[in-house]
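Could you build the full structure based on these sequences and the hints that come with them?
The chain contents come next:
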Amino acid sequence: MIQKEIKMAESKVGAVMVVGGGIGGIQAALDLASSGYYVYLVERSAAIGGRMSQLDKTFPTNDCAMCILGPKLVECGRHINIELLTLSEVDSISGEEGDFEVKVIQYPRYVDMNKCIACGICAEKCPRKVDNEYNARLGKRKAIYLKYPQAIPLKYAIDDRSCIYFRKGKCKACEKFCPADAIDFEDKSRELTIRVGSIVLSHGFATFDPATRDIYGYSRYPNIVTSLEFERILSASGPSGGHLIRSLDNKEPKKIAWLQCVGSRDLHTETKSYCSSVCCTYAIKQAITAKEHSHEPLDTAIFYIDMRTCGKDFEQYYNRARDEIGVRFVKSRITNILPADETGNLLIRYTDEVGNRVEEDFDMVVLSVGFVVPESSIDLAKKIGIELDPYNFASTSSFEPVQTSRPGVYVCGVFEAPKDIPDTVAQASAAAAGASAALAEVRGTRIKTREYPPERNVSKEPIRIGVFVCHCGINIGGVVNVPEIAEYAGTLPYVDYAEGHLFTCSEDTQAMMKEVIIERQLNRVVVASCTPRTHEPLFRETCREAGINPYLFMMANIRDQCTWVHMHKPEEATAKCRDLIRMAVARAAMLEPLYEIPQPICQEGLVVGGGVAGMTAALGLAEQGFKTHLVEKKKRLGGHALRLHTTWREEKVQPYVEWLVKKVNEHPLINVHLQTEIKDVSGSVGNFVSTLVDAEGKNTEVRHGAAIIASGGDSYKPKEYLYGEDANILLSLELDQQVMQDPEKLKRVNTAVFIQCVGSREPGRPYCSKVCCTHSIHSALTLKELNPAMDIYILYRDIRTYGEREDIYREARAKGIRFVRYDRDDKPRVKKTDGKLRVTVKDQAIGMSVQIDTDIITLASAIVPPAESDILSRAFKVPVNQDGFFMEAHAKLRPVEFASAGIFLCGLAHGPKAIDEAISQAKATVSKACTILSRKKIFAGGDVARVDETKCILCLTCVRTCPYEGPRVDEEEGVVTIDAVACQGCGNCASACPRGAIIAGHNTDEQYIAETNALYKL
Amino acid sequence: MITLEQKKFQEIEKMTKGYNPLLVLGCETCAAMSFAGGQRQVAELASAIRVARKTTEQKGEVLEDAVARQCEPEFVDLIADKVGGCDAVLSIACGAGVQLLAERFQDKVILPGCNTTFLGVTEELGVWSERCAGCGNCILDKTAGLCPIARCSKQLLNGPCGGSMNGKCEISKEVDCVWQLIIDRLTRLNRLEMLEEIFPVKDWSPAGHGGPRKMVREDLKS
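Those protein sequences? They're chains A and B, same order as listed. Quick note: the first sequence uses the working numbering, first residue 247, plus one each step. Quick note: the second sequence uses the working numbering, first residue 71, plus one each step.
Think of the hints as simulated: they come from the structure by calculation, not from any bench. Quick reminder that beta carbons are idealized off the backbone N, C-alpha and C, glycines included. Heads up, some of the hints might be wrong.
A few chain B positions that, by computed beta-carbon distances, are all more than 12 Å from chain A [said to hold, decoys possible]:
| # | residue |
| --- | --- |
| 1 | LEU227 |
| 2 | MET235 |
| 3 | ARG258 |
Restraint-style ranges between C-beta atoms, simulated for each label pair [to be verified]:
| # | chain 1 | residue 1 | chain 2 | residue 2 | range |
| --- | --- | --- | --- | --- | --- |
| 4 | B | GLN169 | A | ARG1192 | 35 to 43 Å |
| 5 | A | GLU1218 | B | HIS279 | 38 to 46 Å |
| 6 | B | THR187 | A | PRO778 | 57 to 65 Å |
| 7 | B | HIS279 | A | TYR1262 | 52 to 60 Å |
| 8 | B | LYS243 | A | GLY871 | 33 to 41 Å |
| 9 | B | HIS279 | A | LYS925 | 44 to 52 Å |
| 10 | A | SER483 | B | ASP157 | 57 to 65 Å |
| 11 | B | THR187 | A | LEU840 | 39 to 47 Å |
| 12 | A | LEU840 | B | GLY206 | 48 to 56 Å |
| 13 | A | ASP972 | B | LEU210 | 47 to 55 Å |
| 14 | A | GLN1230 | B | GLY206 | 43 to 51 Å |
| 15 | B | LYS243 | A | LEU513 | 55 to 63 Å |
Structure below.
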């Protein structure tokens, strides 16, 4: 049932293909490439980044999407073991798990990637304007284009469907003006045959097109936009440069409405009946951001059916938007929009909470469009033979959420089911874990490594600085006088070489730079060009190839921070370039070589918690070949899943848990410690030592290189609704027990009431417990099956059957289960008189009180963090959030990692979630842990902080300041020492130390003082 | 630890006016840990004085130094030469440090750059609170480890008084009633009967009310 005997190829290939270059594909590729597999990342468009690159902000932290995605793009683009295949599509797959042969069609770019230096002259000269897909067609781009400014690869491409040369046979303006001779009109499609061991599909999604069944007049009224278009309007890189204006008349809107569930939760033709899961929260985000953008007070109203803010911290985000920021929420589904007047304003009619008919004008209306699976994904699924569900999402099971129907082919992201970015990222890591599990024995067989010449000892040499000034095509050279700047650089102290180059980053200049360093025995290098964010690693690499320490390199950003921003003031810009270069040179003179020292790693894992998440994690690590300790405080493995009946998809949980427990117990690499708790943890990534204490109080020390916290959650034991005072008032899990043990008794029940949000979404426990709506509805359907005549009432606040769970909500209504909406401030009351239960509730739909005499009451009680979270939090020195759940390093892009390296989290320990999501997260932690455990050693040091022991007065400021638990008290020496492995080089400690006893490597006081003194010519 | 905070800059500026050269002298123990008088604060304060002098067109050099503890003559004497070359010393140590400097350098102007606040603990980075009043006669064994001398606004020994409301002191909603804390803690320790013992009138002479205090350990004296 769970694992079929799979026929596996005899000779496996240690490479993986990831299809789709959005955030899911990027994450899967990075995980795989960092744990010993060669990755082919196939992307249909000209650059990776996907939908996330089009977003303005991200919920619930309001981080800028591009700012957090950018570093991942760069890492992916630079990774020696990731091969980007852009403008490419998978055509067919043959072979079997372990050894697939994939045919990939690579469409022509017509631009030689080795030559293009992304100067942009081609696009400037191209006469052909076309709609810009990246800006959701709100603006124009040229036929030769860069997908977006931060695109990776940063290379132009010709769109041959609109290029004048390809349509009419002449033009070639781009070729004429390209300074790098990079245009190639002869470029042809290529068919590549690639052998890989497994495949990860991360196709992403399209958004519902409201023009297909245009009930709102989207194609008629310009001030109706989709939410994706609105993202681009808000974005600084969008068509209006981040200025919130209507495209019709460039006016700033004063009133904006969002209509939820456009194309989702809708049974009409062309629309989708599932819930798209993310639209409620993104509408809140857009409303908040729009208010921030607006110069005048902006009125924002969100029209919704149910607010489905069930992700981690989303409910608090919703509360803040409503109570503090003043976003209006109107519970009403809007079915049409009318023009209000001649000005382009739009009229919306609705019925308010108290039943009044209201007409309101809005300047703009945003349609919160849902997800759809694009035709191309459906075609590909057919080609490679994976099953799709009725909505065309890839078929998976709750217990194998990333496994498609074809062995060796894994799936993640929205192609699996509607989901947000953190769930996609976790699933991507999970898919990477799945894809690599079967290939563990060939790990490391296909990867490339870099070799460097021995490093020259420069300590005794007089300082000789080389300055390379970049023209960057016209980017720098078109604004300032580069030869003059280079000449000036030559006059600065210690400068031995200073020249201007057209493109410093081009391969030939890099080769030349290497030669110059060797020939002139340079021992410090300064490049005055663009940003270190994208180019520092490249130049450091060149330094290493020339035999000097990579930390003897310094960049002056004279493009982004000078010529781009002072484009119209060439003289002042030239002066500023001189200042920037003088500063960089002064600092370069103070640079010191820094070394990264290899440290051996303990290639074993520790998993805390023996529930489904913990067991999945332990089994995952063991299957990857790593010995794992599984610590469980109870007498048996299984956790809460032991009390669950079925998932909402009718999959029986008990056989699965039994199978999992058996697998874990039988695996030779898993050491199960029952009735055991964590007492203490020391060490850092690669080398932790944990003290375990068993039921008899005996201590055992275990060493491990990584740790996974899967300590689970508890169910809230309600003090309300007479819980505990009557045997017929149950919690959801207790009802599951009855269904499993005594279904006959339930058949005799005539009336059943479910009360939702018991202990959730309350002051003091503001979060949503996410699973309860689905659980109650599913239980109600089970009861209905046992006794079809049963009267069932579900008392709720918002029904949150996100994703395809919406199906069972619809089914429940069709089967006559009654849904009664109550208000948080007017809760249902439960009374027991003469042994009979009566529930009184004020139905918000009719504004009247309803009395229900019932046989049983089921309370959907909150999921709460377990009491021992505190102990674990102290032992591992990892934080919990305000609700008591463990806090990940970053809500969006690092959902299963702690900020402290080598420690991961999954399942209910992270927050309330369904079993499939807990399993995805658990597998994701396996993937993350493997990026550490698969290495024999890690490199520590380089630009990290160290303590001058003669100055340390043990004031503990650094210990309290460090976000990564780097500084530790050395009790024997009476000083603080900083663990080079844990240190991330952020410099917080160095700036906080009251004695100035901490030196942040590569960022010393002397270096900054030299730089600032140079600025003021002191 | 002894906690300190730097005086307002305007006050320091006025106090140090005209001295040339001026030595800003830090103390690397309690003052450093209070972020008021460590080496880093010396550098910051000296820079601020230099900037102020420059912008108001005053002349005068500002020197910097710090010693391990300004309350020890051996450390203080290490900088005698530097002090000798100065008009005045701005000490950013506690009051004890300032006074020892005045004692060791009889003919120098010694100025205080800090206010000495209290004997306390670090609650978290940047937050300190008073715990000990140095009364010379510790009673923490009888008050569940919480000091009513340092932490009760009235220094009551048989509290709480009628001003204790919902666990807070009547002087401010921000101040915990220490007697409430004492009772809570004794309850947890199951030692509430300790409250039945009535404190007699306190002898305040060891607390300094009998004149300046001095402590002599014959066994340690040379």
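The output says LEU227 of chain B does not contact chain A. Does that hold with a beta carbon cutoff of 12 Å? holds, 34 Å
Do LYS243 of chain B and LEU513 of chain A keep their Cβ atoms within the hinted range of 55 to 63 Å? For LEU513 of chain A against LYS243 of chain B, whose Cβ atoms are near 57 Å apart, the range 55 to 63 Å holds.
Whether MET235 of chain B stays farther than 12 Å from all C-beta atoms of chain A, as the label says: holds, 23 Å
Range first: 57 to 65 Å. Now tell me if the beta carbons of THR187 of chain B and PRO778 of chain A are that far apart. violated, 44 Å
Was ARG258 of chain B rightly flagged as not at the interface, with every chain A Cβ beyond 12 Å? Answer for ARG258 of chain B: holds, closest chain A Cβ roughly 18 Å.
Confirm or reject the claim that THR187 of chain B and LEU840 of chain A have a C-beta distance inside 39 to 47 Å. holds, 41 Å
Is it true that the C-beta distance of GLN169 of chain B to ARG1192 of chain A lies inside 35 to 43 Å, as the hint says? holds, 37 Å
Hint check for ASP157 of chain B and SER483 of chain A - Cβ pair distance inside 57 to 65 Å: About 59 Å separates the Cβ atoms of SER483 of chain A and ASP157 of chain B, which means 57 to 65 Å holds.
Quick check on a hinted range of 47 to 55 Å for ASP972 of chain A and LEU210 of chain B, using CB atoms only. Given a distance of about 51 Å, which is inside 47 to 55 Å, the answer is holds.
Tell me if the beta carbons of GLU1218 of chain A and HIS279 of chain B are separated by a distance inside 38 to 46 Å. For GLU1218 of chain A and HIS279 of chain B the Cβ distance comes to about 44 Å; the hint holds.
Between GLN1230 of chain A and GLY206 of chain B, does the beta-carbon spacing fit 43 to 51 Å? holds, 48 Å
LYS243 of chain B versus GLY871 of chain A beta-carbon gap, inside 33 to 41 Å or not: violated, 60 Å
Of the numbered hints listed earlier, those contradicted by the structure are 6, 8.
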